[in-house]
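Colleague: Take a look at the letters that make up each chain.
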Amino acid sequence: SQTIHQWPATLVQPVGSPLSLECTVEGTSNPNLYWYRQAAGRGLQLLFYSVGIGQISSEVPQNLSASRPQDRQFILSSKKLLLSDSGFYLCAWMRSSGLSSYEQYFGPGTRLTVT
Amino acid sequence: AQSVTQPDIHITVSEGASLELRCNYSYGATPYLFWYVQSPGQGLQLLLKYFSGDTLVQGIKGFEAEFKRSQSSFNLRKPSVHWSDAAEYFCAVGHGSSNTGKLIFGQGTTLQVKP
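Sequence order for the protein chains is R and D.
Each residue of the first sequence is one higher than the one before, counting from 1 in our numbering.
Each residue of the second sequence is one higher than the one before, counting from 116 in our numbering.
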């Protein structure tokens, strides 16, 4: 079976500090990968998605970047955090082939507080 | 452009009562539709999905949803709510190319269950 991991689970960082959030998927190959942000009391905003190693698409211009150094690893980064980067960050994966179009599975999330 | 509307931001029902959460979508072709549930501080869990075929789909935890093309709706139902169903519920629709697998989410409905 497939499993998706995110770490850290919670993070408190000062404004201006760097950020690195990691997401890994087990039990599948060549998945599509997604980063979402969920601000308090709001819905999900797609930040980045990747259909393969080194292939990153950005949905929203912002202070963040993403990378996919390995097939099942997706990293969300920032060089200098802003207060507005606070939120709940969710990683998700999807099978890249077959009859599971758009069917995404989510990780447990990372709660980021920028102080 | 595709969009998803969940008209009810917050719903309160008594334990044992029936539940219906509304979802309306805007999409030109046959949509791929999903319902997800999110407990506080957790990731999203897929409840059920509709791709084609039978318009009444069954999901996990006793939930079902009915696709009504004429009304552009995909409402989630449960005949008898349990206290553990208290959570936030998101409706989503597949967006753009199936290769990218992107989803558009509604703003969510928070379900409170009274004892």
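The hints are simulated quantities; they were obtained by calculation from the structure and are not laboratory data.
From the three backbone atoms N, C-alpha and C, an ideal C-beta is built for every residue, glycine too.
There may be inaccurate statements among the hints.
[Said to hold, decoys possible] Computed Cβ-Cβ distance ranges for the label pairs, DEER-style: (1) D:Q173 x R:E26: 27 to 33 Å; (2) D:P230 x R:I53: 26 to 32 Å; (3) D:R184 x R:P108: 34 to 40 Å.
[As the list claims (entries may be wrong)] Which bits of chain R does chain D cover? Going by a derived footprint, with three or more residues having C-beta under 8 Å, they are: (4) 70 to 78; (5) 101 to 113.
Colleague: Against each hint, give a clear statement of whether it holds in the structure.
Modeller: Each hint tested on the structure:
1. D:Q173 x R:E26: 27 to 33 Å: 28 Å, holds
2. D:P230 x R:I53: 26 to 32 Å: 50 Å, violated
3. D:R184 x R:P108: 34 to 40 Å: Hint holds: Cβ distance 35 Å, inside 34 to 40 Å.
4. 70 to 78: Per the Cβ count (0), the hint is violated.
5. 101 to 113: holds (count 10)
When the structure is compared with the earlier hints, violations turn up for hints 2, 4 and for no others.
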